[in-house]
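Chemist: Each chain, letter by letter, is given below.
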Amino acid sequence: MLQYSIKRILMAIPVVMFISFIVFYIIQLPPGDYVSSYSAQMMAAGDVMTQADMDQMRSNLGLDRPVYEQYAIWIKKIVLHGDFGYSFNYNKPVMEVVKQYMGLTLVVSFVTMAFQYLVAIPIGIYTAVKQYSAGDYFFSGISFLGMATPNFLLAIILMYLSYTWFGDPLLGLFSNEYVNAAWSMAKAVDLMKHLVIPVIVIGLASTADLIRVMRGQMLDELNKPNVITARAKGLSETKILFKYPTRAALNPIVSTFGWSLSSIFTGSTITAIVLNLPIQGPVMYKALLGQDMYLAGSWLLFMALLTVIGTLISDILLAWLDPKIRTEFRGN
Amino acid sequence: MTTQTAQTANKGQSLLSVQDLKIRIQMDKGVMHAVDGVDFEIKRGKTLGLVGESGCGKSLTSRSIIGINPKECETTGIIQYDSAMDSSEPLDLLSLHPNSKQIRSIRGRKIAMIFQEPMTAFSPMYTIGNQIMEAIRIHRTKNKKEAKKIALEMLSKVGISDQEKRFNQYPHEFSGGMRQRAMISMALSCNPELLIADEPTTALDVTIQAQVLELMKSLQQEFGMAILLVTHDLGIIAQMCDEVAVMYLGKIVEQAPVRELFSNPKHPYTKGLMKSMPRLGGGKGQRLDSIEGSVPMPIDMPPMCGFYDRCKDRIEGVCNARAVRKTQISEQHSVKCFLYSDERGGEPQ
Amino acid sequence: MKTLPVFRRHKTEAHKPPADKDLNYSSQWSLIFIKFKKHKLARISMYVLGFLYTIALFAQFIAPYSLQSYDSKYVNAPPMTLRFVDGDGKFHIQPFVYELKSDRDPDTMRKIFVANKEKRYSLQLFAKGEKYKFLGLISTDRHLFGVEQPGRLFMLGTDSMGRDMFSRIVLGSQISLSIPLVGVAISFVLGIFIGGISGYFGGWIDSLIQRIIEIIRSFPTLPLWMALSAAIPPRIPIVTMYLYIVIIFAFIGWTDLARVVRGKFISLKNEDYVIAAKIAGVGNTKIILKHLLPGFLSYLVVATTLAIPHMIIGETAMSFLGLGIRSPATSWGVLLQEAQKIENVALYPWKLIPLGVVIMTVLAYNFLGDGLRDAADPYKK
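Protein chains in written order, with our numbering: chain B, 1 to 332; chain D, 333 to 681; chain P, 682 to 1062.
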């Protein structure tokens, strides 16, 4: 088992390296660079930069070198010093920007993830057991709608509803008075209140998806002979339901665990922009548009890394949960 | 063990009698009469064989005894069950709610079942030991250690060596024959007085088949239980059963003690089945007969003999005009066929 | 329960369900068709999509106004009501609209529109309007409907520049509905081709392709879209921009399909009938086209259909953020940009109408895909 995990991790390294290069390449694809967008900003403010100023700035920032050289320097710094470069937009090291937003990003992501599984699994079981019942149709309808509505627009609708009902669109993650306040009970409650809409919005599509998957798996499992065997043994229906079909149906669901975290991370981007959440999405968006290449590059790299790690966790979970694969490892 | 002596003492008495069992299933195209008025009786310590082609309703019939058919099956009739394991009165199993405590205390304990596909009948998620112990812990003892002891004992009884190791293995680590042995040990772990075996050897190799049948026979002698053996294989019937019921299209078309049936088959369908069986010394170059066509879907069938279309001896205007009733050939031999019925000359309704 | 094979009947045909015969002798594709027809939602969805695509095809004719047309007098005007009965209670056979007059709300002093009951404009079929080329060929100025000049018809209201929402939704559907089709078509071809090579030949080609797919799939989709879209130069011709966006979508989409194709190829290539064909000396191309592809083409159609909704949502999202289709071209996502501000939604709720169209389209594709998936395996009950 351990050997398998280590092997998988080693295999992931070249993938991540390769991704990081492509990421870097994509970032600098847009015409112009940070200096030109900076000078455009300055121009708008009435301050004209000369060509010499711009060249000076470029060479200061190392932007005048070829892409692969810039990449090599960037990677070298990451590997040797853990230095991800400098964010032009924020005027501080990338790592500091990341740290600033990472906490709340993680909070939002984990709460969303918990919401997804806690809601989807019971509903999936229920709709499968009560197939073709009114409840089944109700939840199926909702989950179809959930898959069909672009989540950023759902955010607008919910915001609007919250505004008409509670007089507060619940923008951001904190009310004004708590943004800079120290952590307290009241601030935590405020955060919880503000989390409702983002969590629903970010989580709905994948929750809907999970419900469909869980329902399908359950329907498959409920018709398996081992359920009849268990019934013939005299087990109660409840015990059968949880011990056999549910356990087996959970396998593929749980294996999406690792993968799901990275999809929440990336999926929340647009929602965060619309809802003005102080998490990574908007930061990343601005970095991409403003050619803040080290910040954007680092984020994309993190995302790719997260996806790779997520897949890895999923594979390991799957192997660990499936007796067939598990016993193979035990046998060796 | 007292229960066993009680079982052997009453050998030959009626244990379970099924009367006018009907199972209907609502389908897109109409109501399917999957089982249509089946009667039979299982005697203590004896083996009744239920034989027929796939789709004739024999599996549904056997499963309806312990009420484990899917919800879509609408079942009527009487299944009178007279247990000797406790002093309870005879009761109609069909009158019990399929999820009631009462029927659950019978399932696995007094009436156990083994299935055709030992691979899928076990869950791949749990060890064999876990799944065997389950029934023991519901019906016999709450104590885990004791349950394990019983389970290990059962595994050795069905001829599985190295039980400690096998106990902790998963179904996929067992071979087909081993899995079926494990299944038998699971079914017998609570000393049932009736074992329902639904095609127990169909999925196995011929040599393994013989071993498993032999095992079932010897365990029947040891435990003194009755067996309802569901199969499509007349060879197994000949080897295992005391009595045989031949099923066709949801009905029992012929019923007789095993010797009588093989020496004196009456129904054209039974005769067809016999002819389609390979025989040793049957002569070189002799072709096996087959019954033409296959079992139709029993949906919206008019009252007629279900075998009419495939029957070589059918009488037009009689066999396809009314439902056929049971005719007693002798005390123990009955058949549902107009050829032996005195109704033949009667006016069609 | 499996459908039993046909029972040879001698005479009693009368009580045999007639459908049975068809079901038992039909080819796979007609079986799929029969099964699909039974799926009510999928059938309705097919009609809905047919309707939407017809509209997109004749968009210039159906839309009363062009993309460029705007009228600063009618900024953020609400949807107009088509009337048959005028203020005096008189009934008119020809439906009409009242002229919109701008006014100020006495309480909030905000600009509002009221109907001027003095001025009626009747609705006309084949009304004269702006010049355009019908299907890009015939130059004409007739539109499906419009109102008498100088009246204005805003069936779904106007946007912040006084442009007719209805016309823009209809015209925007040309891009919104075609991008996913073209994108999926490209990924379909790429997926079959690359996945097929990977699965059929195996060996180092397979490993190489699998690594590449793994890398592409490790990219976080949305940020990748964003990054790539950000790389599209701002002022380029519409057609080029369209192509860029389609390619970006297809580039990410093909890997899923390639995996499915590869898996199918691997499992099918060891089937007896394929080996038999190989032994008989049939060439690789012929084996692939004649023996392998038909075996799972139906699955591919399903997978493709189910990929379309993702592309629609993706395009909407990108355009919504200003990273996809940009003015002067229009797609539903562009139209929704105005709904980004909550005040807009609160004051001018008709700006959410494009959202309804998006949801309807995505649902229709989802149901269609579902129906196809059920039908794709006609032998399964």
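Honestly, I wouldn't trust all of these hints.
[To be verified] Here are the simulated DMTMM-like cross-link-like pairs (lysine to aspartate or glutamate), alpha carbons at most 25 angstroms apart as the crow flies:
#1 D:Lys433 - B:Glu177
#2 B:Lys7 - P:Glu895
#3 B:Lys224 - P:Glu895
#4 B:Lys99 - B:Glu177
#5 B:Lys130 - D:Glu385
#6 B:Lys224 - D:Glu478
[Unchecked claim] With the Cβ distance kept under 8 angstroms, some of the chain P side facing chain B (calculated, not the full set):
#7 Ile894
#8 Ile896
#9 Thr902
#10 Pro904
#11 Met907
#12 Val1026
#13 Leu1036
The set of hints was computed from the structure by calculation and includes no laboratory data. All C-beta atoms, glycine included, are put in the ideal place defined by N, C-alpha and C.
Chemist: If a hint holds in the structure, say so; if it doesn't, say that too.
Modeler: Here is what the structure says about each hint:
Taking the CA atoms of Lys433 (chain D) and Glu177 (chain B), the gap is about 60 angstroms. The hint is violated against a cut of 25 angstroms. For the suggested pair Lys7 (chain B) and Glu895 (chain P), the alpha carbons sit about 16 angstroms apart, so the restraint of at most 25 angstroms is met. Under the criterion of a C-alpha separation no larger than 25 angstroms, the hint pairing Lys224 (chain B) with Glu895 (chain P) is inconsistent with the structure, at around 34 angstroms. For the suggested pair Lys99 (chain B) and Glu177 (chain B), the alpha carbons sit about 23 angstroms apart, so the restraint of at most 25 angstroms is met.
A C-alpha spacing of about 33 angstroms is found between Lys130 (chain B) and Glu385 (chain D), which places the hinted pair above 25 angstroms, so the restraint is violated. Restraint check: the Cα-Cα separation between Lys224 (chain B) and Glu478 (chain D) comes to about 30 angstroms, which exceeds 25 angstroms; the hinted pair is violated. At about 11 angstroms, the closest approach between the beta carbon of Ile894 (chain P) and any beta carbon in chain B exceeds 8 angstroms, and the interface hint on this residue is violated. Checking Ile896 (chain P) against chain B: minimum C-beta separation of about 6 angstroms stays under 8 angstroms; hint holds.
Here the hint on Thr902 (chain P) is kept, as its CB sits about 7 angstroms from the closest CB of chain B, short of 8 angstroms. At about 6 angstroms, the closest approach between the beta carbon of Pro904 (chain P) and any beta carbon in chain B falls short of 8 angstroms, and the interface hint on this residue holds. Given hint, Met907 (chain P) at the interface with chain B, holds; its Cβ is 6 angstroms from that chain's nearest Cβ, closer than 8 angstroms. Interface restraint check: Val1026 (chain P) against chain B, minimum CB-CB distance 5 angstroms, threshold 8 angstroms, status holds.
Given the 8 angstroms rule on beta carbons, the hint for Leu1036 (chain P) holds: about 5 angstroms separates it from the nearest Cβ of chain B.
Hint compliance for this structure: hints 1, 3, 5, 6, 7 are broken, all remaining hints hold.
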